[in-house]
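Participant: Below, each chain spelled out in residue letters.
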Amino acid sequence: MTKALAVYRKELRQISRDRRTLLILVFVPAFFLLLYGYALNFDIRHVRLAVEDRDGSPESRSVVSAFINSGYFDLAGAVYAPKEAERLLDLNDARAVLVIPEGFGRDIRTGQVVPVQVIISGDNANTATTVLGYAGSILRTASAQLAPGGAERVPPLAVEPRIWYNPELRSTLFLVPGLIAYIAMITAVASTALSIVREKEVGTMEQIRMAPIDTFSFIVGKTIPYFIISLASSALIIGASMLLFGLPMRGNWGGLFVAMSLFLVGALATGLLISTVADSQQLAFQLALLISFLPTIMLSGFIFPIGSMPAALQVVTYLVPARYFLVALRGIVLKGTALAHLLPQLAALTVYAAAMLGLASVRLARQRG
Amino acid sequence: MSDAIVVKHLSRRFGPFVAVDDVSFSVRTGEIFGFLGSNGAGKSTTIRMLSGLLRPSSGTAIVGGIDVSADPEGVKQRIGYMSQRFSLYELLTVDQNIRFFGGVYGLSPSRLEARRDFVIEMAGLRGREDALARDLAGGWRQRLALGCAILHEPAILFLDEPTGGVDPLSRRRFWRLIDTLAASGVTILVTTHYLDEAERCHRVTLIHAGRLAAIGTTSEVKQVFAGRPIVEVRTARATDAMRALDAMPDIEKTSLFGTAVHAVLRNSQLTQAVLGERLRAAGIPVDSIEPVAPSLEDVFLDVVEHAEAARTAS
Numbered sequence: 001m002t003k004a005l006a007v008y009r010k011e012l013r014q015i016s017r018d019r020r021t022l023l024i025l026v027f028v029p030a031f032f033l034l035l036y037g038y039a040l041n042f043d044i045r046h047v048r049l050a051v052e053d054r055d056g057s058p059e060s061r062s063v064v065s066a067f068i069n070s071g072y073f074d075l076a077g078a079v080y081a082p083k084e085a086e087r088l089l090d091l092n093d094a095r096a097v098l099v100i101p102e103g104f105g106r107d108i109r110t111g112q113v114v115p116v117q118v119i120i121s122g123d124n125a126n127t128a129t130t131v132l133g134y135a136g137s138i139l140r141t142a143s144a145q146l147a148p149g150g151a152e153r154v155p156p157l158a159v160e161p162r163i164w165y166n167p168e169l170r171s172t173l174f175l176v177p178g179l180i181a182y183i184a185m186i187t188a189v190a191s192t193a194l195s196i197v198r199e200k201e202v203g204t205m206e207q208i209r210m211a212p213i214d215t216f217s218f219i220v221g222k223t224i225p226y227f228i229i230s231l232a233s234s235a236l237i238i239g240a241s242m243l244l245f246g247l248p249m250r251g252n253w254g255g256l257f258v259a260m261s262l263f264l265v266g267a268l269a270t271g272l273l274i275s276t277v278a279d280s281q282q283l284a285f286q287l288a289l290l291i292s293f294l295p296t297i298m299l300s301g302f303i304f305p306i307g308s309m310p311a312a313l314q315v316v317t318y319l320v321p322a323r324y325f326l327v328a329l330r331g332i333v334l335k336g337t338a339l340a341h342l343l344p345q346l347a348a349l350t351v352y353a354a355a356m357l358g359l360a361s362v363r364l365a366r367q368r369g
Numbered sequence: 001m002s003d004a005i006v007v008k009h010l011s012r013r014f015g016p017f018v019a020v021d022d023v024s025f026s027v028r029t030g031e032i033f034g035f036l037g038s039n040g041a042g043k044s045t046t047i048r049m050l051s052g053l054l055r056p057s058s059g060t061a062i063v064g065g066i067d068v069s070a071d072p073e074g075v076k077q078r079i080g081y082m083s084q085r086f087s088l089y090e091l092l093t094v095d096q097n098i099r100f101f102g103g104v105y106g107l108s109p110s111r112l113e114a115r116r117d118f119v120i121e122m123a124g125l126r127g128r129e130d131a132l133a134r135d136l137a138g139g140w141r142q143r144l145a146l147g148c149a150i151l152h153e154p155a156i157l158f159l160d161e162p163t164g165g166v167d168p169l170s171r172r173r174f175w176r177l178i179d180t181l182a183a184s185g186v187t188i189l190v191t192t193h194y195l196d197e198a199e200r201c202h203r204v205t206l207i208h209a210g211r212l213a214a215i216g217t218t219s220e221v222k223q224v225f226a227g228r229p230i231v232e233v234r235t236a237r238a239t240d241a242m243r244a245l246d247a248m249p250d251i252e253k254t255s256l257f258g259t260a261v262h263a264v265l266r267n268s269q270l271t272q273a274v275l276g277e278r279l280r281a282a283g284i285p286v287d288s289i290e291p292v293a294p295s296l297e298d299v300f301l302d303v304v305e306h307a308e309a310a311r312t313a314s
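Chains as they are written, first to last, in the numbering used here: chain A, 1 to 369; chain B, 1 to 314.
Heads up, a few of these hints could be off.
As the list claims (entries may be wrong) - Just the calculated beta-carbon pair ranges, DEER-fashion:
| no. | chain 1 | residue 1 | chain 2 | residue 2 | range |
| --- | --- | --- | --- | --- | --- |
| 1 | A | LEU12 | B | SER108 | 18 to 26 Å |
| 2 | A | PHE31 | B | SER57 | 45 to 53 Å |
| 3 | A | LEU5 | B | GLU199 | 22 to 30 Å |
| 4 | B | PHE118 | A | LEU5 | 17 to 25 Å |
| 5 | A | SER261 | B | PHE118 | 36 to 44 Å |
| 6 | A | THR215 | B | SER255 | 34 to 42 Å |
| 7 | A | ARG19 | B | GLU305 | 50 to 58 Å |
| 8 | A | ARG20 | B | SER108 | 33 to 41 Å |
| 9 | B | GLY40 | A | GLU201 | 19 to 27 Å |
| 10 | B | GLU305 | A | PHE216 | 45 to 53 Å |
| 11 | A | GLU201 | B | ASP95 | 51 to 59 Å |
Stated by the list, open to error - Chain A regions said to be covered by chain B (calculated; three or more residues, Cβ under 8 Å):
| no. | stretch |
| --- | --- |
| 12 | 7 to 21 |
| 13 | 193 to 204 |
| 14 | 210 to 223 |
Claimed, not checked - Anything over 10 Å on all C-beta distances counts as not near chain A; from chain B, calculated:
| no. | residue |
| --- | --- |
| 15 | GLY59 |
| 16 | ARG85 |
| 17 | ASP167 |
| 18 | LEU181 |
| 19 | ASP240 |
Bear in mind the hints are in silico, worked out from the structure with no lab data behind them. By construction, the Cβ of each residue, glycine as well, lies at the ideal position given by its N, Cα and C atoms.
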């Protein structure tokens, strides 16, 4: 144990004197959070809308203002011919066109069904789907108000949706936990992997191998400092997420700590494993990119829903620890899920961490002769 | 005294490549034993096997009474190791480096204090305990690395090319420390390709292509030149002189040493006067012809040539 302590002390002293590494460990995560947090946003607002109002009646004007007042659409201009609307879409000066036919007001008043056309630029399928949703819901509301008898008429079936956990459906709340997992993963994997590979490059690793220090002491002494640092850095980004992006905390802090710790130990062990394979910092970084960073973005459910992936890829996601951590993190933070309901995820994280630690120790021990 | 290191038929293969091939030798306690050879000859592989870092493919090595294959960790406790890179932590101070290595070797706090003082004194680092290792000049770094390697007072010390990139004065000071350690009973196995350093070893062995080509005291290994005197020819036209000498049947070989030519004679009957006459007859001005003692470099080149010739013949 004194040997582990010697390694631990040495590592802390080295880190505290190595400004660059310290900066990377503390500020790069915060920087990432700001960068991705503001840039990664699936909410769509301020859609430029061109209006071709061929009717000009009070009713048609109320439909147009319903669009503009919704906050989702900005008026890009009024057009008077289909050609003009087409030109605006082509130039990307408008993303959608609302076409209200002649006689709209008259037909409404006489209680007829009147078609209203919405043309949406489909060059970005995601945006188009969302815009279509907005337009549909605005038109439904407008239609209810404009119908003879107005809002008093009770429709046979009324849907009253209520969205739980994220009533405004802000994609930020969904994305920020993923971001936290991703940033914590980078910090933990890269810091351990690079610190050991650097020792290989400088030659101190050989000196340590020549010494009678067991693999266990070495691993403990080497990872605990990075565990503490990545835990602190995770706390920092979680705090920042709450301040900047309004991330709620509906669950239990202790539960969050447990999930976070398990995830970090797995990540640190992954870094350790990488360092037993790579002999240069460059190779270590590439390996880290390949086996931990990319899967965390692509295959964890951070951005792309796992349910809509091809079956083969879904199988691969079971090997990605962030998959489990994200369920736990989103559950605890957004829904206040109790730890007892997250046992499968915690078990998976434990298995992953144990497997990585085991693999890394076996490889380290073998390299020692 | 008994032998500190006993190596018998030690071999190490990496796939089809044989890095160390059936090597046997022993090192006496308190001896400075030089391991000479060109890069890739098998020096480092041998040291790594002796220190328990690499498993031998076959053969045995007993280091400090312990079989390295049976108990590699036990060996590590008894040896000190210092490499050509003086592997210190650049960002730690002198004192912190010492404490770290002391901790890794499991020294008790009181023993560590005593050893720390000893190492600081030995390396001449008194007053610089708080300097960062990276700010030390080569000689100091080297002595600090040596100090860290002997913190646990190992009976056997492995030095892998310990004097690379260090100025001559520091090298001499370093060797004086080595002599002191040996005198106190520490067995030292040192690899080097500085042949002047090899002269300071009690015994040397030459390793070439994984095999021991010669072993003994420096004067013993020089016996390969018994009956084959070497003369040094000084002339303004060294290249022409070499060509003329090579053409003579009683000259074995020639080589250029600085501006002079060294010629190995096939028999000791050939006098300098006869040689001088022959060269002048060939129109080559000769300043002087002197007999010279074979240097380790001569021995080294000769041994390598013979080993290569034997290999291509077989």
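Participant: Between the stretch 210 to 223 of chain A and chain B, see if three or more residues pass the 8 Å beta-carbon test, and mark the coverage as holds or violated.
Facilitator: holds (count 5)
Participant: Just to make sure I understand the rule, a stretch counts as covered if three or more of its residues have a C-beta closer than 8 Å to a C-beta of the chain. Does the stretch 7 to 21 of chain A meet that for chain B?
Facilitator: holds (count 7)
Participant: Minimum C-beta separation from GLY59(B) to chain A exceeding 10 Å: can you confirm that?
Facilitator: Fine: 16 Å to the nearest Cβ keeps GLY59(B) off the interface.
Participant: Hint says 34 to 42 Å; check whether the CB-CB distance for THR215(A) and SER255(B) agrees.
Facilitator: At 50 Å between Cβs, range violated.
Participant: The hint says 36 to 44 Å between SER261(A) and PHE118(B); measuring C-beta to C-beta, is that right?
Facilitator: 43 Å, holds
Participant: Does the Cβ-Cβ separation between ARG20(A) and SER108(B) fall within 33 to 41 Å?
Facilitator: 36 Å, holds
Participant: Verify that the Cβ of LEU181(B) lies farther than 10 Å from every Cβ atom of chain A, and report whether the claim holds or is violated.
Facilitator: 17 Å, holds
Participant: Determine whether the non-interface label on ARG85(B) survives the test: each CB of chain A must be over 10 Å from its CB.
Facilitator: 4 Å, violated
Participant: Taking the CB of ARG19(A) and the CB of GLU305(B), does the distance hold inside 50 to 58 Å?
Facilitator: Since the Cβ atoms of ARG19(A) and GLU305(B) sit about 54 Å apart, the hinted range of 50 to 58 Å holds.
Participant: Could you let me know if the closest chain A CB is still more than 10 Å away from the CB of ASP240(B)?
Facilitator: 48 Å, holds
Participant: Regarding LEU12(A) and SER108(B), is the given constraint of 18 to 26 Å on their beta-carbon distance met?
Facilitator: 22 Å, holds
Participant: That 51 to 59 Å hint for GLU201(A) and ASP95(B) (C-beta), does it hold up?
Facilitator: 24 Å, violated
The earlier numbered hints that this structure contradicts are 3, 6, 11 and 16.
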